[in-house]
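Got chain U; can you put chains V, E and B on it based on the hints?
There are 4 protein chains.
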Amino acid sequence: MAIIEITIVPVGTASTSLSAYVAGCLKVLQKYAGITFQLTPMGTVIEGELEYLLKVVREMHEQPFLGGAERVVTTLRIDDRRNSTLTMAGKVASVERKLNQP
Amino acid sequence: MAIIEITIVPVGTASTSLSAYVAGCLKVLQKYAGITFQLTPMGTVIEGELEYLLKVVREMHEQPFLGGAERVVTTLRIDDRRNSTLTMAGKVASVERKLNQP
Amino acid sequence: MAIIEITIVPVGTASTSLSAYVAGCLKVLQKYAGITFQLTPMGTVIEGELEYLLKVVREMHEQPFLGGAERVVTTLRIDDRRNSTLTMAGKVASVERKLNQP
Amino acid sequence: MAIIEITIVPVGTASTSLSAYVAGCLKVLQKYAGITFQLTPMGTVIEGELEYLLKVVREMHEQPFLGGAERVVTTLRIDDRRNSTLTMAGKVASVERKLNQP
Numbered sequence: 031m032a033i034i035e036i037t038i039v040p041v042g043t044a045s046t047s048l049s050a051y052v053a054g055c056l057k058v059l060q061k062y063a064g065i066t067f068q069l070t071p072m073g074t075v076i077e078g079e080l081e082y083l084l085k086v087v088r089e090m091h092e093q094p095f096l097g098g099a100e101r102v103v104t105t106l107r108i109d110d111r112r113n114s115t116l117t118m119a120g121k122v123a124s125v126e127r128k129l130n131q132p
Numbered sequence: 031m032a033i034i035e036i037t038i039v040p041v042g043t044a045s046t047s048l049s050a051y052v053a054g055c056l057k058v059l060q061k062y063a064g065i066t067f068q069l070t071p072m073g074t075v076i077e078g079e080l081e082y083l084l085k086v087v088r089e090m091h092e093q094p095f096l097g098g099a100e101r102v103v104t105t106l107r108i109d110d111r112r113n114s115t116l117t118m119a120g121k122v123a124s125v126e127r128k129l130n131q132p
Numbered sequence: 031m032a033i034i035e036i037t038i039v040p041v042g043t044a045s046t047s048l049s050a051y052v053a054g055c056l057k058v059l060q061k062y063a064g065i066t067f068q069l070t071p072m073g074t075v076i077e078g079e080l081e082y083l084l085k086v087v088r089e090m091h092e093q094p095f096l097g098g099a100e101r102v103v104t105t106l107r108i109d110d111r112r113n114s115t116l117t118m119a120g121k122v123a124s125v126e127r128k129l130n131q132p
Numbered sequence: 031m032a033i034i035e036i037t038i039v040p041v042g043t044a045s046t047s048l049s050a051y052v053a054g055c056l057k058v059l060q061k062y063a064g065i066t067f068q069l070t071p072m073g074t075v076i077e078g079e080l081e082y083l084l085k086v087v088r089e090m091h092e093q094p095f096l097g098g099a100e101r102v103v104t105t106l107r108i109d110d111r112r113n114s115t116l117t118m119a120g121k122v123a124s125v126e127r128k129l130n131q132p
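Residue numbers (my numbering), protein chains in the order written: chain U, 31 to 132; chain V, 31 to 132; chain E, 31 to 132; chain B, 31 to 132.
Chain U with its partners taken away, still in its complex shape (with noise of 0.2 Å):
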C-alpha cells in the first residue's frame, strides 16, 4: 500500500482558474472503481497498490491535454512504506492522537 499525492498545474492556459481542470482530473477517479480519495486545497491524494496508482495518476495527467492545454506541470509525491500497512486515514490519526498527548 502507498499514498500518493498529485497536483497538476496545466500552464499557457490564459485564465488564471483552474479548477475545471482538476475537475476532470478527478473524474477519471470515478472510473476506478472502489478507489479511495482525498481532494484537499492543494492536491488530491489517493492510497492503494503501488502499480495501481501509477496507473491511474498517468490517466489523470493526461486529462488537461485533452481539455485544450498544450503543457502541463504535474508532481507527484510517493509514500511507500513496506513495514506496516499506510493508509491516509491511518496517518493522520496517528498525527492527531500524538497532539492530544499532555
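Quick caveat, the hints were computed from the structure, so don't treat them as lab data. Note that the structure is predicted; figures quoted are calculated from it, not measured. It is possible that part of the hints are untrue.
The list treats identical chains as one, so a pair stands whether inside a single copy or across any two.
Said to hold, decoys possible - List of simulated lysine to aspartate or glutamate pairs, DMTMM-like, C-alpha gap at most 25 Å: (1) K128 with E79; (2) K128 with E81; (3) K57 with E126; (4) K61 with E89; (5) K85 with E126; (6) K61 with E81; (7) K128 with E89; (8) K61 with E126; (9) K85 with E100; (10) K57 with E81; (11) K57 with E89; (12) K57 with E100; (13) K128 with E100; (14) K57 with E92.
Using the frame of chain U, we list chains V, E and B on its own:
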C-alpha cells in the same frame, strides 16, 4: 492571501514513523491565533497573508531539530493568486461545483 | 518528449547521509541505453518519451528498498509540453539567452 | 548551511513558454553578491545560510507578478543538514564517488 502546503521529512531518524515529528510541527500552529489550517495525509495546508505564512512555516521547519533530528527536508508549495481571494475552502468548493455539473 | 525530475528520500535510515541510496538509484540509469540524465544537488533530471521515463523512475523508486530501506518518499515533477520539443539543454539555453539580453 | 531548490510556475500566462519569467527570477540572484546558484532544467538551486536564502527566494517569488502574472505557484525544497556542512558541489561529489566504486 496565499495558500501554502508544507511537508516536513526528517532524515536519519532511525524510526520509519514520522507522526511525532509532524505533531510537533502542528503544535506551532496552535500558537498562532486564528490561523486556518488543514492536516492532510501528505502535509499541512495553511492560508493567510503571505509574509505571515512564511513566518509560520519557518518556525515549523525548526521543530524536528528541536526534537533531535539533524537533517530535515521541507517542501513548501505556495499558491499565490492576486486577482481574487484564494481560500482553502473556496478552492475545494470551486472544483466540487464543476465536478457536479452534468 | 517530457522531462522528469526525481528525488528519492528514504525514511528511517539511521544515517543522515543519503548519497549511497542516490548512487543506487542512478545505477538504474546506466542500464537504460542512451537515456539523457543530469544529477543535480537536489535530484536527478531525465528526458525522453513519457512512458519510457515512467518505467525508469518506477525502477529507481524501488532501489532504496533493495538496499534495506523500509519507507521511501519519492517526488516526481513531470514537465510535459506537446507544442514543441522539450529538452533539458533547450530549457536551460532558452533561459540563459534571455538572461543575457540587455 | 542549507540548500534550496526553487521552481516558479506562473499560471494563466497565455503562452506555454516560461523562460522569460525564469530569467526574471534569476536576475534577482545577480543582485545578491556571492550567492552560489545553479540553474537546472527543472529549477534553480541555491546554497547558503537559511535565513539569507529565504530572503532571496521571497524576492524571486515576487518577480513574475512584476512581469504581469496574476497567479504564481512556487515550490521550494529545503535540504537543511546541521551535523555537517552541506554544499551543492559536496552533495554531487559524494554521489559520484559512490557511483564509481566497484
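> Should K61 paired with E126 be assigned to within, between, both, or neither, using CA atoms and 25 Å as the limit?
Replying inline: between (32 Å within a copy, 17 Å between copies)
> Checking K128 and E79: alpha-carbon separation at most 25 Å within a copy, between copies, both or neither?
Replying inline: neither (27 Å within a copy, 28 Å between copies)
> 25 Å Cα cut-off: does K61 pair with E81 within a copy, between copies, both or neither?
Replying inline: both (17 Å within a copy, 21 Å between copies)
>> Within a copy, between copies, both or neither: which one fits K57 and E126 at a CA-CA cutoff of 25 Å?
In response: between (31 Å within a copy, 11 Å between copies)
> How would you label the pair K57, E100 (within, between, both, or neither) given a Cα cut-off of 25 Å?
Replying inline: within (20 Å within a copy, 28 Å between copies)
> Are the CA atoms of K128 and E81 at most 25 Å apart within a copy, between copies, both, or neither?
Replying inline: neither (32 Å within a copy, 29 Å between copies)
>> Within a copy, between copies, both or neither: which one fits K85 and E126 at a CA-CA cutoff of 25 Å?
In response: between (31 Å within a copy, 23 Å between copies)
> How would you label the pair K128, E89 (within, between, both, or neither) given a Cα cut-off of 25 Å?
Replying inline: Result: close only across copies, 19 Å inter versus 37 Å intra.
> Within a copy, between copies, both or neither: where do K128 and E100 come within 25 Å Cα-Cα?
Replying inline: For K128 and E100, only the inter-copy Cα distance (21 Å) is at most 25 Å; the intra-copy one is 45 Å.
> What label fits K85 with E100 when the C-alpha limit is 25 Å: within, between, both, or neither?
Replying inline: both (21 Å within a copy, 23 Å between copies)
>> Regarding K57 and E89, is the shortest C-alpha distance of 25 Å or less found within a copy, between copies, in both, or in neither?
In response: within (10 Å within a copy, 28 Å between copies)
> From the Cα coordinates, with 25 Å as the cut-off, is the pair K57 and E81 best called within, between, both, or neither?
Replying inline: Close inside one copy (20 Å) and across copies (22 Å); limit 25 Å.
Checked against the numbered hints given earlier, the structure breaks hints 1, 2 and satisfies all the rest.
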